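Protein chains: 2
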Amino acid sequence: MRVFFITKNRGKLIEAKFILGKYGIEVIPLNIEKLEIQHEDIEIIAIYSIKSIKGEKDPIFIEDDALYINALSGFPGPYASYVYKTLGLNGVLKLLEGVKDRSAHFKSVVALKKEDMIHVFTGVVKGRISEDIRGKQGFGFDPIFIPEGYNITFAEMGLEEKCNISHRAKALKKLATWLKNHKS
Amino acid sequence: MRVFFITKNRGKLIEAKFILGKYGIEVIPLNIEKLEIQHEDIEIIAIYSIKSIKGEKDPIFIEDDALYINALSGFPGPYASYVYKTLGLNGVLKLLEGVKDRSAHFKSVVALKKEDMIHVFTGVVKGRISEDIRGKQGFGFDPIFIPEGYNITFAEMGLEEKCNISHRAKALKKLATWLKNHKS
Numbered sequence: 017m018r019v020f021f022i023t024k025n026r027g028k029l030i031e032a033k034f035i036l037g038k039y040g041i042e043v044i045p046l047n048i049e050k051l052e053i054q055h056e057d058i059e060i061i062a063i064y065s066i067k068s069i070k071g072e073k074d075p076i077f078i079e080d081d082a083l084y085i086n087a088l089s090g091f092p093g094p095y096a097s098y099v100y101k102t103l104g105l106n107g108v109l110k111l112l113e114g115v116k117d118r119s120a121h122f123k124s125v126v127a128l129k130k131e132d133m134i135h136v137f138t139g140v141v142k143g144r145i146s147e148d149i150r151g152k153q154g155f156g157f158d159p160i161f162i163p164e165g166y167n168i169t170f171a172e173m174g175l176e177e178k179c180n181i182s183h184r185a186k187a188l189k190k191l192a193t194w195l196k197n198h199k200s
Numbered sequence: 017m018r019v020f021f022i023t024k025n026r027g028k029l030i031e032a033k034f035i036l037g038k039y040g041i042e043v044i045p046l047n048i049e050k051l052e053i054q055h056e057d058i059e060i061i062a063i064y065s066i067k068s069i070k071g072e073k074d075p076i077f078i079e080d081d082a083l084y085i086n087a088l089s090g091f092p093g094p095y096a097s098y099v100y101k102t103l104g105l106n107g108v109l110k111l112l113e114g115v116k117d118r119s120a121h122f123k124s125v126v127a128l129k130k131e132d133m134i135h136v137f138t139g140v141v142k143g144r145i146s147e148d149i150r151g152k153q154g155f156g157f158d159p160i161f162i163p164e165g166y167n168i169t170f171a172e173m174g175l176e177e178k179c180n181i182s183h184r185a186k187a188l189k190k191l192a193t194w195l196k197n198h199k200s
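Protein chains in written order, with our numbering: chain A, 17 to 200; chain B, 17 to 200.
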């Protein structure tokens, strides 16, 4: 069994291969353009994206995620990757200087297209923004996100440990279970 | 002569009515949803938006703008309105604390649809981000943007003064001139 994954992000691909691999599902990356709309609801963004994909590859999915920092009214939200490229980790830490409430959550949305039907799977992980940049693993905001119940950031965890608890792993596991139950 | 303007922003409507009114063009606001994609090129966003509009209203335009702060690698860029709602003016000032280069520019893109053809008009104004929030006029980032050659922010100017120099006024004047030259 195999599924196509539209992504340019090597870190996401590694996690998807790791998780879906455990279910015996092969992940084939596709580096093609997808449409991303501006919307505060990441599920709407993901559904638009997968609907915009033309072609014969089936089943095929995309994965979008967002980081919501409570003290910043949810910023950077769905624009996390743009904010990562411009402000970087240090910019986000600067915005939180002197701020007591560092609570945040990550949300992942997987949108799958299979036989022209669209299915959406989500995962959330709560946590807080660290005081400084810690760890070399993972990607994106991983070095400043400490999941609830932990004292280390995602970037200080190994792949296996992160994939036990992460928002993306939760969504990908739902995808894998669904695919196993809907073999064509 | 009249033109439809899709906007929910009262400030933009006032400026459009003021500028196009000088050319004898009536601006009729339409409060309808438009699609906004995520893209670093604001012209692409505007073209997608105007293409997504269905209906018989003609000619019809939208206006998008972006604020690019050089020291922040162009942030907030096309996501200025999201950043305004979440971080606010104070968040942007905080990001620039201790930063010497406060240079920035505003860009406006007007996308017009007339008889199923799309036309794009742009305007840019250079300037810098102020040290503090100043002025009560205008909207959005106006209270922290000082245009080149001035010592006051857009929000400290009257409508007429701002419309002599602003990015949006430049784009709207190009739109007005084009409409006058292409009466149907």
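Hints in this document: simulated from the structure, not taken from any laboratory.
Quick caveat: nothing in here was measured; it's all calculated off a predicted structure.
A portion of the hints provided could be inaccurate.
Just so you know, same-sequence chains aren't split out, so a pair can sit in one copy or run between any two.
Claimed, not checked - DSS-like, lysine-lysine: derived pairs with alpha carbons at most 30 Å apart: (1) 129 - 110; (2) 101 - 50; (3) 101 - 130; (4) 196 - 142; (5) 199 - 189; (6) 116 - 67; (7) 110 - 199; (8) 190 - 110; (9) 110 - 130; (10) 116 - 38; (11) 101 - 152; (12) 116 - 196; (13) 142 - 190; (14) 50 - 130; (15) 129 - 67; (16) 116 - 73; (17) 70 - 110; (18) 101 - 142; (19) 189 - 101; (20) 142 - 110; (21) 196 - 110; (22) 24 - 67; (23) 50 - 24; (24) 152 - 130; (25) 129 - 38.
* Which of the listed hints are not met by the structure? -> 1, 3, 6, 7, 8, 9, 10, 12, 16, 17, 21, 24
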